[in-house]
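Colleague: For the protein sequence lines, the chains are P and B, in the order given.
In this text, residue positions in the first sequence follow the working numbering: the first is 1459, and each later residue adds one.
In this text, residue positions in the second sequence follow the working numbering: the first is 4, and each later residue adds one.
Hint data in this document are derived by calculation from the structure and do not stem from the laboratory.
Values in this document were obtained by computation on a predicted structure and should not be read as measured data.
Worth double-checking, as some hints may not be accurate.
Partial list, derived from the structure: chain B residues whose beta carbon lies under 10 Å from chain P [said to hold, decoys possible]:
id : residue
1  : 34
2  : 43
3  : 62
4  : 76
5  : 77
6  : 79
Built from N, CA and C at the ideal position, the CB exists for glycine as well.
Now for the letters of each chain:
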Amino acid sequence: MIQHVHVLGLDRGLDAQARVERLVLEHQTKLARYVRRFVGDPDIALDLVQDVFLAAYRVLHADPARPLTAGWLYKAATNRSISYLRRHKRTGEVPTPADVAESFRLDERSAVSLDLQAALARLAPEQLTCIMLTAYAGYSSQEVSAILGISPEAVRQRVCRAMRAMRRSLEGPPA
Amino acid sequence: MLGEATEAERAAYLAHAATCPRCEVDLDATRTLVCAAFTASQHGETWRASVRDEVFARIDRRSATWSSWITNGLAVAVALTLALNVALLLGAGRSWSSPSLATVLPATAAAAPAAAGVGPGLDAARACLDVAGCRDRLGLPAPQRPGIATGHAAAVSALGVFAATPLH
Chain P
1459 MIQHVHVLGL DRGLDAQARV ERLVLEHQTK LARYVRRFVG DPDIALDLVQ DVFLAAYRVL
1519 HADPARPLTA GWLYKAATNR SISYLRRHKR TGEVPTPADV AESFRLDERS AVSLDLQAAL
1579 ARLAPEQLTC IMLTAYAGYS SQEVSAILGI SPEAVRQRVC RAMRAMRRSL EGPPA
Chain B
4 MLGEATEAER AAYLAHAATC PRCEVDLDAT RTLVCAAFTA SQHGETWRAS VRDEVFARID
64 RRSATWSSWI TNGLAVAVAL TLALNVALLL GAGRSWSSPS LATVLPATAA AAPAAAGVGP
124 GLDAARACLD VAGCRDRLGL PAPQRPGIAT GHAAAVSALG VFAATPLH
């Protein structure tokens, strides 16, 4: 599980580049796996994660004293992932389940992992965002509400709806 | 659907779910199932991403782009300043070479370029414009030979009459 809102501004003596390097080394894998669950493609996930770190560099370069939270990174990653999904759904470029399965390494292609990916792919973007931030990234409803700028009640409601939809997907059609 | 219910209906449902063992079990089962799927999937993830080199290459490219923009901007600013100065000098030169001004204010016409130290610079700028063929394109008059403009003023100055010329 990922650390809860963790302030990454404790190393204020460092310049922007050194701080970004720390962020990259600490968060790249977790963030890339998180984004891959959204977009279902490791290469695109890597591109989006690079964008996130570049945005972090811009922020730290403009204001070196700014404390950056892990929540900021997840918010940036989520926004980019959702934008990517919306853009590609508009153009009809939605990956098939076979493509999604291909996007996982052989040793990662367990049934539960692929089922989870298929269930996530069926969620509405706002539900996907909330369930990923809570169930995958490990944030509380309160923290997600702060990250997304919506009320904790709205977060709980979206998580609840997402869970119900996912249950239907995971359990499959009744025999 | 829960999301389509009114606030009152939602509150009633939540009150009911808190006390109804069947609904509670149902909610718990959903949560357990989904959380178990997430946990199992995360434990099975072995992919390790490495974006450090790409990120820093992009940061370096961005810095290089910025410095090239700054360099280009400075170069353009210097070129514009030079062009503006040349244009201003040419305009001043034309004013000084006008017969009426040279007649009325011979002292000023002779002294100003020399005082400002622009005499040789002005000649050089004119020569540059001639070489570049800009004079025709700008619609400026053909270069005047010595004795007409600066030559006239210099001659007046040399005779020492510039200070005593009455302004009628």
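Colleague: With a cut-off of 10 Å, does the beta carbon of residue 77 of chain B approach a beta carbon of chain P closely enough for the hint to hold?
Modeller: 21 Å, violated
Colleague: Answer holds if the nearest beta-carbon of chain P is closer than 10 Å to that of residue 76 of chain B; otherwise answer violated.
Modeller: 19 Å, violated
Colleague: Interface hint check: residue 62 of chain B, Cβ to nearest Cβ on chain P, cutoff 10 Å. Holds or violated?
Modeller: With a minimum Cβ separation of about 6 Å from chain P (threshold 10 Å), the hint on residue 62 of chain B holds.
Colleague: Do the numbers back the hint for residue 79 of chain B, that is, is its least Cβ distance to chain P under 10 Å?
Modeller: Where the cut-off is 10 Å and the nearest Cβ of chain P is about 25 Å from residue 79 of chain B, the hint is violated.
Colleague: Does the CB of residue 34 of chain B sit less than 10 Å away from some CB of chain P?
Modeller: With Cβ-Cβ at 6 Å, under 10 Å, it holds.
Colleague: For the hint on residue 43 of chain B, just tell me whether its beta-carbon gets within less than 10 Å of chain P.
Modeller: 5 Å, holds
Checked against the numbered hints above, the structure violates hints 4, 5 and 6; every other hint is satisfied.
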